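Top line first, the protein sequences correspond to chains A and B.
Residue numbering for the first sequence follows the working numbering, starting at 1 and increasing by one per position.
Residue numbering for the second sequence follows the working numbering, starting at 371 and increasing by one per position.
Treat the hints as calculated values from the structure; they're not laboratory data.
Mixed in with the good hints there might be a few duds.
[To be verified] Coverage of chain B stretches by chain A, computed from C-beta distances (three or more under 8 Å per stretch; other residues unrestricted):
{"hint": "1", "segment": "408 to 421"}
{"hint": "2", "segment": "671 to 683"}
[To be verified] Straight-line distance between alpha carbons at most 25 Å, and here's what the computed BS3-like set of lysine-lysine pairs gives:
{"hint": "3", "chain 1": "A", "residue 1": "K3", "chain 2": "B", "residue 2": "K643"}
{"hint": "4", "chain 1": "A", "residue 1": "K32", "chain 2": "A", "residue 2": "K324"}
{"hint": "5", "chain 1": "B", "residue 1": "K614", "chain 2": "B", "residue 2": "K638"}
{"hint": "6", "chain 1": "A", "residue 1": "K243", "chain 2": "B", "residue 2": "K713"}
{"hint": "7", "chain 1": "B", "residue 1": "K583", "chain 2": "B", "residue 2": "K533"}
{"hint": "8", "chain 1": "B", "residue 1": "K481", "chain 2": "A", "residue 2": "K225"}
{"hint": "9", "chain 1": "A", "residue 1": "K3", "chain 2": "B", "residue 2": "K380"}
{"hint": "10", "chain 1": "A", "residue 1": "K225", "chain 2": "B", "residue 2": "K593"}
{"hint": "11", "chain 1": "B", "residue 1": "K508", "chain 2": "A", "residue 2": "K268"}
{"hint": "12", "chain 1": "A", "residue 1": "K268", "chain 2": "A", "residue 2": "K291"}
{"hint": "13", "chain 1": "B", "residue 1": "K373", "chain 2": "A", "residue 2": "K32"}
{"hint": "14", "chain 1": "B", "residue 1": "K614", "chain 2": "A", "residue 2": "K10"}
{"hint": "15", "chain 1": "B", "residue 1": "K694", "chain 2": "B", "residue 2": "K661"}
{"hint": "16", "chain 1": "A", "residue 1": "K217", "chain 2": "A", "residue 2": "K85"}
{"hint": "17", "chain 1": "B", "residue 1": "K697", "chain 2": "A", "residue 2": "K223"}
{"hint": "18", "chain 1": "A", "residue 1": "K244", "chain 2": "B", "residue 2": "K508"}
{"hint": "19", "chain 1": "B", "residue 1": "K614", "chain 2": "B", "residue 2": "K583"}
{"hint": "20", "chain 1": "B", "residue 1": "K455", "chain 2": "A", "residue 2": "K225"}
{"hint": "21", "chain 1": "B", "residue 1": "K595", "chain 2": "A", "residue 2": "K111"}
{"hint": "22", "chain 1": "B", "residue 1": "K643", "chain 2": "A", "residue 2": "K244"}
{"hint": "23", "chain 1": "B", "residue 1": "K593", "chain 2": "A", "residue 2": "K85"}
{"hint": "24", "chain 1": "A", "residue 1": "K324", "chain 2": "B", "residue 2": "K593"}
{"hint": "25", "chain 1": "A", "residue 1": "K32", "chain 2": "B", "residue 2": "K402"}
{"hint": "26", "chain 1": "A", "residue 1": "K244", "chain 2": "B", "residue 2": "K583"}
{"hint": "27", "chain 1": "B", "residue 1": "K533", "chain 2": "A", "residue 2": "K32"}
{"hint": "28", "chain 1": "A", "residue 1": "K288", "chain 2": "A", "residue 2": "K356"}
{"hint": "29", "chain 1": "B", "residue 1": "K593", "chain 2": "A", "residue 2": "K44"}
{"hint": "30", "chain 1": "B", "residue 1": "K455", "chain 2": "A", "residue 2": "K85"}
{"hint": "31", "chain 1": "A", "residue 1": "K10", "chain 2": "A", "residue 2": "K268"}
{"hint": "32", "chain 1": "A", "residue 1": "K244", "chain 2": "B", "residue 2": "K713"}
{"hint": "33", "chain 1": "A", "residue 1": "K138", "chain 2": "B", "residue 2": "K595"}
{"hint": "34", "chain 1": "B", "residue 1": "K697", "chain 2": "B", "residue 2": "K658"}
{"hint": "35", "chain 1": "B", "residue 1": "K481", "chain 2": "A", "residue 2": "K85"}
{"hint": "36", "chain 1": "B", "residue 1": "K455", "chain 2": "A", "residue 2": "K223"}
{"hint": "37", "chain 1": "B", "residue 1": "K508", "chain 2": "B", "residue 2": "K534"}
{"hint": "38", "chain 1": "A", "residue 1": "K244", "chain 2": "A", "residue 2": "K60"}
Computed from a prediction, not measured in an experiment: that's the story for all the values here.
Just so you know, even glycine gets a beta-carbon here, dropped at the ideal spot from N, CA and C.
There are 2 protein chains.
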Amino acid sequence: MNKNLLDGVKETLLMGPGPSSVRESVYKAMGKPTIGHLDPYYYKIMNGIKEQLQTAFETKNQVTLSISGTGTAGMETCFANLIEKGDRVLVLINGYFGMRMKDMAQRMGAKVTGLEFEWGTPVDVGTVASELEKNDYKIVALVHGETSTGVRNPAQEIGKLAKKAGALYLVDAVTTFGGLRVPLDAWNIDAVYSGSQKCLSCPPGLSPVSFSKRAFKKATERKDKIPNWYLDIGLIANYWEDKKRAYHHTASSNLNYALYQALYDFIKEGPDKVFARHAEVHRYLVGKLEKLGLKMFVAEGSRLPMLNAVVCPEGVDEAAVRRKLLKDYHIEIGSGLGPLAGKIWRIGLMGHTARKKNVDTFIAALGELL
Amino acid sequence: MNKNLLDGVKETLLMGPGPSSVRESVYKAMGKPTIGHLDPYYYKIMNGIKEQLQTAFETKNQVTLSISGTGTAGMETCFANLIEKGDRVLVLINGYFGMRMKDMAQRMGAKVTGLEFEWGTPVDVGTVASELEKNDYKIVALVHGETSTGVRNPAQEIGKLAKKAGALYLVDAVTTFGGLRVPLDAWNIDAVYSGSQKCLSCPPGLSPVSFSKRAFKKATERKDKIPNWYLDIGLIANYWEDKKRAYHHTASSNLNYALYQALYDFIKEGPDKVFARHAEVHRYLVGKLEKLGLKMFVAEGSRLPMLNAVVCPEGVDEAAVRRKLLKDYHIEIGSGLGPLAGKIWRIGLMGHTARKKNVDTFIAALGELL
């Protein structure tokens, strides 16, 4: 018998683009006894998660739930359900995840316009406004926090434009949810997805998703069945609804315990306090990085608090630094994606990770390595 | 602040159609510290899981991995990748999951023939043989163990027919894998999926999947992109391959720890011994049920050891019995699906649940209730 590889798993300070470090309360929740996906007590927990997500997303949307897959499954849920063949879709792209949205929308048979902006800069509201005046779109899609660059996009402003244009507004809140406000109803967001493993600090595997009435209507009244049984929001909503509880798939009670606990902790700490903590620890990190002589990749004002892109200084082997941080200090940070590979580090301050002491630990290690 | 619902989660003896009861070793594994999906140590664990799955599936298939979703995500992975629009697909149906396959295949734009057999009886090999002689099919799909009825289908024999017909052979091993042999190479199976929460006794959330060379070739050389980014097997295989490790999605280290440990325990106990244990405990259960005067729904010879469908006696309120078992005895069993709702109970003996002492506990409780 081979040795058990799990014996070698080491506690790691997760300061990359997610997953983030998990609270003890969440590990403990996840380890509670598995119960059935059709157990009435599990339904209570589902209802609890729905209410918690409604609170955290500041929404009255009835269709607010966790998808049994990662953030990308949430993305797929939104695109697969909302796009009908031939729909014109405007995807706003200023990073890797905007590109992924475009690929996904194209696979659904949409006529996709990808409106591109320089990586590291935010989506420009004026450019979007004139595009929406020129052409009719059924859907406008935006990544709120572009995890690949650390840019915060103007999600509220784009929401106003989408509403004016009569388009459904689809937002990626994978990285922002739980660390920045994402008020669905106030911002006219029709469909949103996130991931459990970012600012909620839950292990990966679930994707919080919410559909407005209007979005759900389009998804469930379309003529052709959606080309995705697993992520068919109509079928999934029938499982989440108390009056129906129609079996769809075997949801993971353990992962959902973890999500419940993470949301419980988030609400108990107080969303505003959590957001303030993210902002404060972000400023603390930026100050420390600048003292080390490092430059932020994104201009002040457009930076995400939970995902900090830092320019790798010339002459420094960025991959070697990451490797040593992980191997010798048990600290994980992220690399650049696509055109930013080798050029930036991505330092996450998500959820439970967003603590000054973690910044101190990281900065001390980085200081030694540079 | 509301009370924490997780305080009310009770240890339950899971004797339904899955999830099954989870070993202490697996809970412990799942609670190990979360690490990143791009951590080199996590790659080692992925390689470990791949080798374990190759052992358990008796296959040399390189594309053998866990999908980040439940068994139905595995089903979707197989259908979405293998079906090109207009492909003729033969789905063999003798229960709920065969019906689900048909729906899924149709959503992919296949020309689907659903060959139906009476629920509770196995797929008839002769009928399939003559259908395959009459018509050309690109894909033949079979549910090995029909979880809705407790029937074991002749997967090996259908594999021979599919091979002779030159069709790809797609098998659902959700319920059977880990409790009955599913030797992919020997049975000519081109694509298979299972679930973590059945005979492997791992919490739900992952789906073991394997593609033959031929199946992977069809999936990756097709002209149109598959209408599913999350489950695109080419992208996923690039993440699982040591030489590539191309980021695709944030796989759940914790769930994969649990799967690794469940497979570790399976291989350590010895697959043949595990299969023998399932067979023995199944016979033990059937004997006890018959002593209570109950009748099995499926004829001897076609019964699944891990999923036992029992006819609910006339005059007994089947739902009330299940409710009382769960509420007063903390034992979960399953109800009938579709046309079998209200008519049968489904008693699972999967993985760790397949122990004589669990049968004794259940039979004692059922005896009191009848």
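Consistency of the hints with the structure:
no.: 1; hint: 408 to 421; result: holds (count 7)
no.: 2; hint: 671 to 683; result: violated (count 0)
no.: 3; hint: K3(A) to K643(B); result: holds (21 Å)
no.: 4; hint: K32(A) to K324(A); result: violated (36 Å)
no.: 5; hint: K614(B) to K638(B); result: violated (31 Å)
no.: 6; hint: K243(A) to K713(B); result: holds (22 Å)
no.: 7; hint: K583(B) to K533(B); result: holds (14 Å)
no.: 8; hint: K481(B) to K225(A); result: holds (15 Å)
no.: 9; hint: K3(A) to K380(B); result: violated (33 Å)
no.: 10; hint: K225(A) to K593(B); result: holds (22 Å)
no.: 11; hint: K508(B) to K268(A); result: violated (55 Å)
no.: 12; hint: K268(A) to K291(A); result: violated (35 Å)
no.: 13; hint: K373(B) to K32(A); result: holds (17 Å)
no.: 14; hint: K614(B) to K10(A); result: holds (24 Å)
no.: 15; hint: K694(B) to K661(B); result: holds (21 Å)
no.: 16; hint: K217(A) to K85(A); result: holds (16 Å)
no.: 17; hint: K697(B) to K223(A); result: violated (43 Å)
no.: 18; hint: K244(A) to K508(B); result: violated (37 Å)
no.: 19; hint: K614(B) to K583(B); result: holds (18 Å)
no.: 20; hint: K455(B) to K225(A); result: holds (15 Å)
no.: 21; hint: K595(B) to K111(A); result: holds (15 Å)
no.: 22; hint: K643(B) to K244(A); result: violated (41 Å)
no.: 23; hint: K593(B) to K85(A); result: holds (18 Å)
no.: 24; hint: K324(A) to K593(B); result: violated (43 Å)
no.: 25; hint: K32(A) to K402(B); result: holds (14 Å)
no.: 26; hint: K244(A) to K583(B); result: violated (42 Å)
no.: 27; hint: K533(B) to K32(A); result: violated (45 Å)
no.: 28; hint: K288(A) to K356(A); result: holds (11 Å)
no.: 29; hint: K593(B) to K44(A); result: violated (46 Å)
no.: 30; hint: K455(B) to K85(A); result: holds (14 Å)
no.: 31; hint: K10(A) to K268(A); result: violated (29 Å)
no.: 32; hint: K244(A) to K713(B); result: holds (20 Å)
no.: 33; hint: K138(A) to K595(B); result: holds (23 Å)
no.: 34; hint: K697(B) to K658(B); result: holds (23 Å)
no.: 35; hint: K481(B) to K85(A); result: holds (19 Å)
no.: 36; hint: K455(B) to K223(A); result: holds (18 Å)
no.: 37; hint: K508(B) to K534(B); result: holds (12 Å)
no.: 38; hint: K244(A) to K60(A); result: holds (20 Å)
Hint violations for this structure: numbers 2, 4, 5, 9, 11, 12, 17, 18, 22, 24, 26, 27, 29 and 31, all remaining hints satisfied.
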